[in-house]
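Chain by chain, the residues run as shown.
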Amino acid sequence: MVNLLHDTQQLKEAPKFCMLANHNKPIQESIAEYAQGIIGGLLFSFPLLYTMEIWYAGFLAQPYQLAVMMVATFLLLLGYNRFAGMHPGTSWKNVVIDSFEEMGIGLVMSFCILLMLNRIQIGENSLDEIMGKVITEAMFVSIGVSIGTAQLGDSAKEEDGGEDKEPSEAEKRGHARRSGKIALVVLALCGSVVVAGSVAPTEEVLLIATEAKPIHILAIAVLSILLSLVVCYFSDFKGIDRSDHRPTLYEIVFETCLTYCTALLSCAFVIWYFFGFADTGIWNIIAQCITLGLIASLGASAGRLLIK
Amino acid sequence: MTKEQNQERHPEDEKNLLEWTVFFISLLLIMGILGYLVYQASVFEEGSPDLQVNFVHDPSSHSPYRYLLKIENDGQETAEEVQIEMVLERGGEELEAAALTLPYVPKQSAREGWVVLSKSPLEADSLYVRVVSYKRP
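Heads up: the protein sequence lines correspond to chains A and B, in order.
Counting from 1 along the first sequence, just add 128 to a position and that's the residue number in our numbering.
Counting from 1 along the second sequence, just add 63 to a position and that's the residue number in our numbering.
If you are wondering where the hints come from, they were derived from the structure by calculation, not from laboratory data.
The C-beta atom is built at its ideal place from N, Cα and C for all residues, glycine as well.
A few of these clues could be false.
[As the list claims (entries may be wrong)] Derived DSS-like pairs (lysine-lysine); straight-line CA-CA distance at most 30 Å: (1) A:Lys221 with A:Lys153; (2) B:Lys170 with A:Lys153; (3) A:Lys221 with A:Lys309; (4) B:Lys78 with A:Lys221; (5) B:Lys170 with B:Lys133; (6) B:Lys133 with B:Lys182; (7) B:Lys198 with A:Lys341.
[To be verified] Restraint ranges, calculated between C-beta atoms of paired labels, are given here: (8) B:Gln146 with A:Glu252: 19 to 27 Å; (9) B:Gly176 with A:Phe405: 46 to 54 Å; (10) A:Phe382 with B:Glu144: 29 to 37 Å; (11) A:Leu354 with B:Asp121: 24 to 32 Å; (12) B:Asp121 with A:Asp407: 46 to 54 Å; (13) A:Val199 with B:Ser183: 23 to 31 Å; (14) A:Lys309 with B:Ala104: 32 to 40 Å.
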């Protein structure tokens with residue numbers, strides 16, 4: 129009798145227990161997500177891990193520049209995970225946790241790969257030099273990890289038939305949030321940093337900007353704006369349905385301007401980080417931003433839609 | 064828990080032990096690095112590169128008069144395009160000079176390289192090495 133009561137009690141408790149157990153994601157799923165992130169991180173950052181200007185930038189950067197770079201990347205990761213992360217309806221708490229994880233993975237990956245490539249020698253290089261190189265590379269790797277987790281994860285879910293599931297209220301709000309202007313700016317920033325990041329530290333940008341005449345800079349600026357326009361409004365991208373809504377002239381101008389300005393802003397930041405603005409004339413700074421802006425604007429508009 | 068937070072709960076967002084472990088390690092790593100950078104930024108002082116060169120005879124089968132140079136930068140700034148010269152002299156007259164160029168010598172770091180002489184140092188009365196030039200990056 130006692131046993132029977134005990135069994136009944138267990139049966140009553142069983143669903144509750146199962147529910148609790150289901151709350152936690154299986155370890156295998158987490159490992160798969162980390163693997164997707166690592167692959168994404170490598171895919172987007174390998175060109176940078178093999179670029180000597182980035183290694184040099186690591187030991188040329190001052191400690192405050194490295195700290196600013198880390199904070200800026202963290203903010204970008206927060207934005208990306210909020211507006212384009214794997215789960216649309218996720219809470220801020222999880223966005224923060226995921227961003228810390230991605231940056232941590234980026235730092236460890238960057239350290240291991242630089243060590244493997246013999247770009248850092250423990251015992252021979254100073255701690256400042258090792259940290260500078262690792263941090264600079266890790267920032268690009270962590271953005272790649274974030275994009276990899278979201279993009280490779282999404283496609284895997286779609287293949288599993290995840291789309292048939294009715295989206296929850298939070299997911300619906302998450303999807304709505306992703307079509308807003310802040311989402312546009314955040315994704316444009318990520319796209320421009322990822323695409324322009326591999327070109328930004330090279331001497332070529334400096335050379336083109338220094339030797340260009342004003343007419344060349346003007347041509348680059350006009351082409352950048354035209355490219356943003358073409359990419360955003362005259363190309364068919366996955367997930368963009370324009371059949372029932374023709375954008376107004378105001379929307380076209382506003383979004384193109386916003387995308388280009390975001391691209392220029394990210395250019396200014398990476399140029400400041402890699403070359404600094406000290407002892408550089410204002411015209412030269414503008415010329416460098418616009419020169420790099422051509423690639424960044426393509427990244428901001430195309431990258432924004434591709435990594436969506 | 065507020066209504067909004069409750070609505071945003073998502074089964075896939077619940078963290079497991081592995082994810083919490085990765086999160087706490089990452090948090091520690093990032094906070095440690097940021098703390099170190101903030102400390103470094105607060106004690107940072109403007110300065111210039113300060114190079115010191117040491118050398119040892121390091122012959123190889125094809126280069127009997129080869130010297131290994133170790134260049135250390137004890138200064139507060141990285142030196143770029145560092146040029147080093149090794150000179151062989153006899154009676155105040157230069158017998159031979161060999162040069163080594165390094166793209167960078169980071170602050171508080173060292174770099175190594177070799178210079179190869181064609182004449183034996185025994186023919187000379189002095190052998191010295193000096194830093195010719197470098198620039199601010």
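Quiz prompt | Violating hint indices (sorted, rising) | solution = Numbers 2, 9, 10, 11, 12, 13 - these are the hints that the structure violates, sorted from lowest upward.
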